[in-house]
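Based on the sequences and whatever the hints tell you, model everything.
There are 2 protein chains.
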Amino acid sequence: MKAIRLTIVCLLFCASLPAQVQWTEVQPGIWKAVAGTPEKISLLKAAGAKPAVAGLQQLPAAKFPLSKGDISVRVADGKVYLRFPLEREEQLFGLGLNFQTINQRGRVSTLHMDHYGGKDDGRTHAPVPFYVSSRGYGVLIDAARYITVYAGTAVRVDTKNPPELIDRNDKSKKWSSMPYSDAVEILVPASGAEIYIFGGPTAMNAVQRYNLFNGGGYLPPKWGLGFTQRVPTLYSQTDIIREADEFEKHQFPLDFIGVEPGWHSMAYPCTFEWDGQRFPNPKGFIDSLMARGVRANLWLNPYVSPKSSLYPKVKPLSGSHTVWNGLVTDFTLPQARQLFKEHFLKNHISLGVSGYKMDENDGYDKWLWPDVATFPSGTAAEQMRQIYGVMMQKMTDEWYREQNRRTYGLVRASNAGASNFPYVIYNDYYSHPDFITALINSSFIGVLWTPEVRASKSAEEWVRRMQSVCFSPMAMLNAWADGTKPWSFPEVESAVQDVAMLRMRLLPYIYSVFAQYHFEGKPPFRSMNLTDGFAYTAQESGGKLDATHNPYEAKTRSELKDQYMMGDDILVAPVFAGQKTRKVYLPAGKWYDFYTGAFAGENTAIDVTPSLERIPLYVRDGALIPMIPARRQAPKPGDVLPLEVRHYGTAPGSFTLYDDDGVSFDFEKGAYSQVKLEVKKDGGKLKGSVGKAQAGKPFGYDGKNVTWTFMTK
Amino acid sequence: MKAIRLTIVCLLFCASLPAQVQWTEVQPGIWKAVAGTPEKISLLKAAGAKPAVAGLQQLPAAKFPLSKGDISVRVADGKVYLRFPLEREEQLFGLGLNFQTINQRGRVSTLHMDHYGGKDDGRTHAPVPFYVSSRGYGVLIDAARYITVYAGTAVRVDTKNPPELIDRNDKSKKWSSMPYSDAVEILVPASGAEIYIFGGPTAMNAVQRYNLFNGGGYLPPKWGLGFTQRVPTLYSQTDIIREADEFEKHQFPLDFIGVEPGWHSMAYPCTFEWDGQRFPNPKGFIDSLMARGVRANLWLNPYVSPKSSLYPKVKPLSGSHTVWNGLVTDFTLPQARQLFKEHFLKNHISLGVSGYKMDENDGYDKWLWPDVATFPSGTAAEQMRQIYGVMMQKMTDEWYREQNRRTYGLVRASNAGASNFPYVIYNDYYSHPDFITALINSSFIGVLWTPEVRASKSAEEWVRRMQSVCFSPMAMLNAWADGTKPWSFPEVESAVQDVAMLRMRLLPYIYSVFAQYHFEGKPPFRSMNLTDGFAYTAQESGGKLDATHNPYEAKTRSELKDQYMMGDDILVAPVFAGQKTRKVYLPAGKWYDFYTGAFAGENTAIDVTPSLERIPLYVRDGALIPMIPARRQAPKPGDVLPLEVRHYGTAPGSFTLYDDDGVSFDFEKGAYSQVKLEVKKDGGKLKGSVGKAQAGKPFGYDGKNVTWTFMTK
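Order-wise, the sequence lines are chains A and B. Basically the working numbering = 1-based index in the first sequence + 87. Basically the working numbering = 1-based index in the second sequence + 87.
Don't read these hints as lab results, they were simulated from the structure. Please note that the accuracy of each hint is not assured.
Since the list gives no way to pick out one identical chain from another, each pair is judged satisfied if it fits inside one copy or across any two copies.
[As the list claims (entries may be wrong)] No farther apart than 35 Å at their CA atoms in a straight line, the calculated lysine-lysine pairs in the DSBU-like style are these:
(1) 258 with 481
(2) 150 with 453
(3) 336 with 723
(4) 453 with 132
(5) 400 with 572
(6) 428 with 127
Small disclaimer: the values here were computed from a predicted structure and weren't measured.
What follows is the structure in structure tokens.
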């Protein structure tokens, strides 16, 4: 009875006592603490990734990056309150897939799965509760709830570092509506949470640890890195075959085609069954495409139509509410996943369907199940919202893994722990500049993002959008509603073809960059803030007082939101319609023009006036860029291709060229090659050499047919 | 021991059982139910209003407006889940002070005290969890938490009224991204909540019950309904006296002046103490103004500066976090309120200060105390956020009531239960059209709103803004940052003066309208949707599919967001800069032009092309509009003024002219007059008569000096 009494007392009082947390190093340089009583469902539990231990062990040693005594954890009223210290010049990155801001210090975000709504407030397609500090560490809160993060906005009365007291009436002083704050404070509306701290020493190392902890980045199949076209929604199988032929006629790259809602016998909600009229012979359709070297990716949203044969089976395993009249399957239940698996294997995957575009698992609140919905597993609607996209990624990824086939597709909703899933995020927001900012931000939080192209108001916009999508994780034209083709603006057809072909030629580089994501955890497309030698600090421009537009003298912060790195060596600086010149910030170390090899600058900002035909690209001194001849489709298993290796600048350098069969998971069992390309100074002259591929391992390049191009004269 | 065991079992299981709620009629036509265990702090408890029983008793009888069996209440995981039925054509109004939409059906709002951020999503200055139905009832959720309302968006699998199943692939059918929903669902993140249902039979009756339940609307002092100018922030007492003299020179109305932050010895955070340099003689300053018939209203925000003598006293009674370096006093503590009272009485109110503008008690999240803050009373930061403005209103109102002086001021944050507080809401958003929509929406939720004027880009915008602010609860020019004057655009000075004088002339009407708010609960400025004879239904215009801007074929809804009623009889149709003509919807019953008396229309939409000098105003058939001669300041106690009573149209009619001393609360003890003005047909001719004021009651008009103007020939 004593135990019961103690329980009762504890139920009444324990909840409000500050919790004692213990930090345990769970992987090299990764520490975990438990606050309160974590829930059964969490982000990482939903993703279920296993740490990539080998990669983690290769990272430099890291010490616990914060003063433990400055971290405060409190559990009260069924919520977890966290406080982490911040130093004065520290910048913070991450906290969801943001579209307009990079540095999150001074912002409040409530991380809530949703369509992005035009404001960086936490409502986004990947509301990952993870931040990376410029001081070289990361913090993850693992709870599938709407977590609010005050990233250096809140000031305690008892702070050790109070902000300067300024009288706003004294116009000789610069008053700020945001006084200095020395902490990140976090409210987790859950009984408990698991907290992870990722050590550095650099911000990139913290990101690498985060990605590797989640299994390392996904290595797409080679065809996934080729070009993809999504066709109009009601296209029939005949229309689609014709579309593939059109691509061939135009000599435009095409590796996979996206089949939009019309393939379902009913869509919105979906049957996940072929429409007999538009697709009388699904197997024949897939085979015809494959005969052209083209794969099919199927669009879906997860809501089960009453017209689907799945409906009666799934109904008892679904939530209380419908979405667009469809059932919301409770994917936390193994029986529900099994029903989907059988249906999808039988109807699509066994026919050769290469993957999915998983739409509408993100928002809006007014479309999706409400937070009052209930689910048979007892999972809260809020938790379900935060993890639904991740559960779909995990489930479909498993089906393909069981087939030993890699897949690569699209998803609207992701979250923490999803780095090793084969999906790229997209949305309808369609601001070209903000799409690039999202691409930059994706690198902090272990997700991939595509700035997809749909329509354009002008040929200029068209070619500029095409150029940036070709320097992203998925080179996609999404013509589901507009029916646009890459050659829709004839005046720029050749410029568009050029950049698509450039991407194809760069595949050896890009594939190696993704291998880096997988084995080392380095994001393939990444922020300058994760780049060595980059020391750009966000600038504050003083706000001008104005009664109607800026009554609080708010400062505006200028950040670097429009350039990024593709791998370690290529700096990409997209141009937007209307821009004639743009500024490019080049980090420390010499940088060279990709096209000409000319010296561009070093630790400086340059103004460039690129022609319409070219997206500005810069290469690091001593970098080697392996390329293949232009081709319409990614190399297939067994292909052996000649290589052109470009060297930039004057320094010697090397590059680890990765290769494998490009389609299976055999690389996870060691069936891959890493061949060293190297340029050394030999009697004052630069000279290139290619290492040997290990016998019996797949290597799709002819080491004897390598052209060395020294770009910088 | 059995009891303990039962408790334990209950702690484990009871939480998820559907709660049984009992509806009790707490006032005529008002029912209350308790779900779960309500918290100590709630919106209505914070406001502490007492029902205006006499007014409630005069309303028509009402039956419980919903089928009790269709209301579902569930308490689980420390949250309350509510579901209320909706009929097919029902429209919903309220749910916070919205700026862009009127009908809330089909929207999701998380009601969260904040600056309005440009989107109707629940974040606003008055996030009142109250909705009114076009079917004639209202629902209030009394909990000081961030409540999420799904207003006819969510669809249950087991609904009795399922939406039509439409295949989006079938282009012959009109698919909607928002299928029909038959319920309002609400998530209250609290252990319990009190729920109120307000009967009709009309929507206006439901609003009246809501306002009367909260004590009835506040009756401002007469001077509060005159013109007010807020002066530049660093104006000294000399500057301000000069400003008052300028108003006299320009023969422009002026009843009170708003003194902005510069009066504090330090502001942002505030000392609440006069600056010795700019205000060397506060008492002399107030007296000088009063000698000119002008009162002073003092700006403040609630954050206590370390430089204030209040600081050390208030510190132990304040929250864990600062705002702009200032303490956030825990106003739920009586000791804290007492300290403020002493300080404010001594420093301002005893000198004759007429009231306050209470700024910055609403948002943003990044400026105010975070939700992780703690307060000495144990009140949660979230609760504090929802009620802070209301507590400030209540506290200051009480100080003036104790002096038997009415006050009238400004506040940025309000909530449920605040109808009987002397404050008008304002913000910095400054969209003229959206300001009018806010004015309309204020009428559903028991708050007042002013579309204040600051600056303008053109003379046209200036006069249009001035015209609408003169038909609002507070006719204010806020020149705190710009230093604008009513005559800043000389080309429209006389038009601006005309409309300000028109407001002064209409004071007998406007004051009676506010008396109606107080005694009958009818909002003084109100939506057409609360008006008899108005049968406008929101129109849906079919969305055109467009891949980048409208990929979900969303409909856009057109609503009546730009016209409203001032009292029962005057329809106001503001014009915005750039508009040459506008549509005006006239309800059933004949309507007449205010200026000419000409017939305008009946149950129709008319196009009007108003001159720059006039804001379109229409008067109901048979209406009587009492007016006084143009004057610069509102009548004072003891004034006896001649009356002009205008009659419009051809029908007989009457008007209850209300009057009292205009400054004290004696009217609450019966010291007021209600005199009937009447127009009857007498041998085919219309003839006016004035009833007698009761002897010994204040009545500021000369019943023997009444001019009758029959406007319609």
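We went through each hint and held it up to the structure:
no., hint, result
1, 258 with 481, "between (57 Å within a copy, 34 Å between copies)"
2, 150 with 453, "between (46 Å within a copy, 32 Å between copies)"
3, 336 with 723, "within (21 Å within a copy, 88 Å between copies)"
4, 453 with 132, "both (27 Å within a copy, 31 Å between copies)"
5, 400 with 572, "neither (40 Å within a copy, 71 Å between copies)"
6, 428 with 127, "within (24 Å within a copy, 50 Å between copies)"
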